[in-house]
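Chain by chain, the residues:
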Amino acid sequence: GDQVEQSPSALSLHEGTGSALRCNFTTTMRAVQWFQQNSRGSLINLFYLASGTKENGRLKSTFNSKESYSTLHIRDAQLEDSGTYFCAAEPYPGWQLIFGSGTQLTVMP
Amino acid sequence: DMKVTQMPRYLIKRMGENVLLECGQDMSHETMYWYRQDPGLGLQLIYISYDVDSNSEGDIPKGYRVSRKKREHFSLILDSAKTNQTSVYFCASRKTGAGNTLYFGEGSRLIVV
Numbered sequence: 001g002d003q004v005e006q007s008p009s010a011l012s013l014h015e016g017t018g019s020a021l022r023c024n025f026t027t028t029m030r031a032v033q034w035f036q037q038n039s040r041g042s043l044i045n046l047f048y049l050a051s052g053t054k055e056n057g058r059l060k061s062t063f064n065s066k067e068s069y070s071t072l073h074i075r076d077a078q079l080e081d082s083g084t085y086f087c088a089a090e091p092y093p094g095w096q097l098i099f100g101s102g103t104q105l106t107v108m109p
Numbered sequence: 001d002m003k004v005t006q007m008p009r010y011l012i013k014r015m016g017e018n019v020l021l022e023c024g025q026d027m028s029h030e031t032m033y034w035y036r037q038d039p040g041l042g043l044q045l046i047y048i049s050y051d052v053d054s055n056s057e058g059d060i061p062k063g064y065r066v067s068r069k070k071r072e073h074f075s076l077i078l079d080s081a082k083t084n085q086t087s088v089y090f091c092a093s094r095k096t097g098a099g100n101t102l103y104f105g106e107g108s109r110l111i112v113v
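Respectively, the protein sequence lines represent chains A and B.
Take 1 as the starting number for the first sequence in my numbering and just add one per residue.
Take 1 as the starting number for the second sequence in my numbering and just add one per residue.
Keep in mind that the hints were calculated from the coordinates and are not lab data.
Please note that a few of the clues may not be correct.
Unchecked claim - Straight-line alpha carbon distances no greater than 25 angstroms define the calculated SDA-like cross-link-like pairs of lysine to any residue that follow: (1) A:66 - A:41; (2) B:3 - A:106; (3) B:13 - A:41; (4) B:95 - A:93; (5) B:3 - A:57; (6) A:66 - A:42.
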């Protein structure tokens with residue numbers, strides 16, 4: 001079965017609001033990365049976490065290995081935040097990355 | 001400049017033709033990946049390479065093969081392309097070891113008719 005379950009699959013936000021995206025893992029993961037895929041299709045690395053929480057501007061991400069989940073919080077959403085967000089997790093052993101199916105975020109004026 | 005470069009960016013091929021997708025990186029990363037992305041399926045791992053001539057199958061290797069003769073280059077080859085291989089292919093690289101982020105190329109859109 002799928003090792004990385006990402007939710008929601010789609011999300012609409014008005015500018016200035018916020019929400020959270022989540023990835024649940026069915027096996028123990030060593031680390032997680034979050035990516036944004038923009039309108040041109042480029043995949044941009046947002047965070048790499050082996051544990052704990054990281055923050056960058058309006059984005060904050062948490063990885064809880066013991067409880068097998070990771071979250072990405074977006075606050076004060078802007079139009080340019082629109083795109084598809086993917087989590088990707090590293091299972092033990094090896095260096096593979098397993099991707100979630102993505103969250104398509106639309107930010108509306 | 002830290003970059004992963006994919007060539008070609010767009011390609012149309014007839015069923016049965018051979019396809020070569022090339023990927024280069026200028027960061028001396030040991031580990032490189034080929035993924036394909038289809039709508040609703042996220043990114044699926046085709047092959048992973050741990051260094052020159054050290055390649056392993058990913059989740060969907062059937063119909064593909066790879067070549068890594070130099071650390072900087074990782075090629076994806078489709079011998080006799082099929083219509084269901086129409087997709088966007090992404091190459092990525094990272095330095096081996098914990099704590100190292102993944103860098104993606106811009107993608108190669110392949111259409112097999």
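Which numbered conditions among the earlier hints are violated in the structure presented, ordered from lowest to highest?
Of the numbered hints, 1, 2, 6 do not hold.
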